[in-house]
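Student: Under our numbering, think of the first position of the sequence shown as 1, with each following residue one higher.
Simulated from the structure, these hints should not be mistaken for laboratory data.
Bear in mind the structure is a predicted one, so any value in this text is a computation, not a measurement.
Heads up, a few of these hints could be off.
[Unchecked claim] Derived BS3-like pairs: lysine-lysine, alpha-carbon spacing no greater than 25 Å straight-line:
1. Lys140 <-> Lys39
2. Lys85 <-> Lys39
3. Lys153 <-> Lys49
4. Lys84 <-> Lys39
5. Lys85 <-> Lys115
6. Lys140 <-> Lys115
7. Lys84 <-> Lys186
8. Lys49 <-> Lys84
9. Lys49 <-> Lys39
10. Lys186 <-> Lys39
11. Lys153 <-> Lys115
12. Lys85 <-> Lys153
13. Lys186 <-> Lys140
14. Lys84 <-> Lys115
15. Lys85 <-> Lys49
16. Lys140 <-> Lys153
[Unchecked claim] Taking CB as the label site, the calculated pair distances span:
17. Met92 <-> Glu222: 17 to 23 Å
18. Pro347 <-> Thr173: 33 to 39 Å
19. Glu26 <-> Thr104: 43 to 49 Å
20. Glu52 <-> Glu207: 24 to 30 Å
21. Gln161 <-> Gly257: 53 to 59 Å
22. Arg324 <-> Gly46: 26 to 32 Å
23. Pro236 <-> Ser62: 28 to 34 Å
24. Pro189 <-> Gln316: 36 to 42 Å
25. Glu207 <-> Arg339: 34 to 40 Å
We treat Cβ as the ideally placed atom computed from N, Cα and C, and that holds for glycine.
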Amino acid sequence: MMFFNRLFKYVTVGNPRMVDACGISELPPAFFNLPDLQKLWLSNNGLRKLPEEIGNLPQLDSLWLGSNLLRSLPGGVTQMTQLKKLWLPANMLVRLPAEVCAITSLEWLDVSENKLEEVCAEIGQLTSLTRLDLHTNVLKGLPPTIGRLTRVKHLSLHFNQLESLPPDIGQCTSLVWLSLNANQLKQLPTEMGELTGLVRLSLHINELESVPPELGRLTGLEALSLHKNRLTRLPPELPLGLAGSCCRLSLYENQLGEVPPELGNMGLLQELWLYSNQLTSVPSELGRLGELRRLWLDRNQLTSLPREISGLTRLQELYLDHNRLVELPSELGALTQLRRLYLEGNPELQSLPPPVEALPCLGESVDYGAGQEGFKQEMQSYK
């Protein structure tokens, strides 16, 4: 049912437990005469404040307040003892309201896209949280009490100004998804190795010069992004630990002078980005990556490739442009699934070995023009 009045653009009442209100700038008293209300949508309005009476909705379990102009919350929200989901993205909060941290029933809290400068220590009271979204704020640090969130599975912290992480983050052992990209991290605590349930870890666009060997304990990790940092080396423990799980590894735009031969143990790897580093060679062990589909080695300083590259029998795309290659190994002809080969920017490479030219699935796809636009489009979903 939908009804109108001068305050509401529209209010949708699908049943007496759900209300969707849009186009309002204040909440009328009628809202607080719905004691059985469970779900309330108030997103995309011009709300600047909420009345204390909001606490008169004791059965409310989901409250959407995104894209408003809220700077604070009333004390009445602490009376919402059944509230499980609270969405506050895209408001004007500069601090996490202490009132929020008193709602211990919360399971999902979203305060992303605000202007948060800090997270109060009381965040540790929200021990029922399974998802916490803090991304796109101006956070410089996290309180040690973050470690009390032992049930949180999804923690988004990307696009902040974090310079370090408290060791206590290692106590968040239920984490499955952790995004820390686009911060100012210079190092990681070794305690992150305790997050053994992680499936996705995003660390790209930071200032990391190294990663702790303890990350090798993350034996369930399927995707790890470390591109656009300042890495000069990888600990061998990392590829050894990820050997039984990782399918995507992104290391492009770092300062790697070599990759450890242990990388060849990552037998499930399907996509490997080593674009734009300082590699002069790649280890022969790379040829053991039998599941690899796409390999980016462009914009390095490679002069040759190992013959063992013939072991990449499922490789479909190989990016070798802008290196210093003089010749390619004839063993490259064993890559019968190859359909794209990019070679531009190797001035001393004048021809392909006959076995490579004879690859049946290559056809006209041998491209001496790098195809960087396609690469950039591919990476859009990974940023």
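Student: Hint by hint, which ones does this structure get wrong, listed from lowest number up?
Tutor: Result: hints 1, 3, 7, 10, 17, 18, 19, 20, 21, 22, 23 break, sorted rising.
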